[in-house]
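Q: Residues in the sequence shown are numbered from 49 upward in steps of one, following my numbering.
Honestly, the hints are just simulated from the structure, not real lab data. Every value quoted in this text rests on a predicted model; they were computed, and no experiment measured them. Some hints could be false.
[What the hints assert, rightly or not] Capping the alpha-carbon separation at 27 Å, the derived lysine-lysine pairs in BS3-like fashion look like this: (1) Lys135 with Lys211; (2) Lys214 with Lys135; (3) Lys214 with Lys143; (4) Lys143 with Lys210; (5) Lys143 with Lys211; (6) Lys135 with Lys210.
[Unchecked claim] Per label pair, the in silico range of CB-to-CB distance: (7) Arg225 with Glu156: 30 to 40 Å; (8) Val176 with Pro229: 13 to 23 Å; (9) Val170 with Arg213: 20 to 30 Å; (10) Ile182 with Arg225: 18 to 28 Å.
We put the beta carbon where it would ideally sit given N, CA and C, even for glycine.
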Amino acid sequence: MDFDGQDSGDEPFITAVDNIQPYQFEPVVHIEQNEVSSQNQSDSSEENSEAESDSSDLQDSRMDNLAWCDCNHCAAMPTVDECLCCKEVGPVAEKMEDEDLDCITDHEGFTGNCLNRHVIEVSLYDFVERQGPIDDNEPIHELYRYVAYRRFTRWIWHILGKKRRKVIPACAVLKIREAFPSEDFTGFKYARP
49 MDFDGQDSGD EPFITAVDNI QPYQFEPVVH IEQNEVSSQN QSDSSEENSE AESDSSDLQD
109 SRMDNLAWCD CNHCAAMPTV DECLCCKEVG PVAEKMEDED LDCITDHEGF TGNCLNRHVI
169 EVSLYDFVER QGPIDDNEPI HELYRYVAYR RFTRWIWHIL GKKRRKVIPA CAVLKIREAF
229 PSEDFTGFKY ARP
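Turn these sequences into a full structure, and let the hints guide you.
A: Set out below in structure tokens:
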């Protein structure tokens with residue numbers, strides 16, 4: 049039937065639903081580590097190179113000094129991403145405001161969730177149950193540290209989802225490393241695509 053109410057015979061009736069083409073106009077997102085702001089992109093190439101060198105200098109200086117630390121418990125970390133104070137992370141700062149604390153490492157929840165050896169041990173059993181057996185030669189402090197980082201992330205951000213990682217503030221990382229020491233540390237790594 050056509051719109052006049054008459055049967056057109058051979059012509060198929062096409063609805064708007066048949067013509068839907070999902071994701072046809074979805075933008076492609078490209079995430080870069082050191083993006084240049086859109087304002088700098090409109091400037092000349094010479095100004096862009098100056099802006100890039102200035103931003104890299106600021107990032108390098110973050111590893112050279114502790115001006116970025118407001119809690120007085122941080123230390124310089126090996127990468128710029130890891131040079132992060134607990135007061136710079138919104139959800140972490142909210143937890144500290146609730147308790148009126150200067151550093152997240154002073155929070156009772158941090159001590160109970162991330163430093164208590166018995167809690168970490170039980171979480172390790174849960175981790176092994178989901179991920180499979182671990183090597184008998186695996187250093188226990190390394191595993192405890194890994195589980196403590198996971199517990200911190202769960203405590204602050206709840207559920208992130210697969211391959212979504214967050215940088216843990218330097219003060220929290222240092223306190224966990226102090227509780228579960230070893231000779232070398234891996235540091236933060238972004239998920240592989």
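Q: With reference to the structure, classify each hint as holding or not holding.
A: Results of checking the hints against the structure:
1. Lys135 with Lys211: Since the Cα atoms of Lys135 and Lys211 sit roughly 25 Å apart, the hinted pair holds (cutoff 27 Å).
2. Lys214 with Lys135: 15 Å, holds
3. Lys214 with Lys143: 16 Å, holds
4. Lys143 with Lys210: 24 Å, holds
5. Lys143 with Lys211: Within the cut-off at roughly 24 Å; holds.
6. Lys135 with Lys210: Holds, at about 26 Å.
7. Arg225 with Glu156: 30 to 40 Å: Violated - the Cβ-Cβ distance for Arg225 and Glu156, about 20 Å, lies outside 30 to 40 Å.
8. Val176 with Pro229: 13 to 23 Å: 22 Å, holds
9. Val170 with Arg213: 20 to 30 Å: 23 Å, holds
10. Ile182 with Arg225: 18 to 28 Å: 20 Å, holds
Hint 7 alone, counting from the list given before, is not met by this structure.
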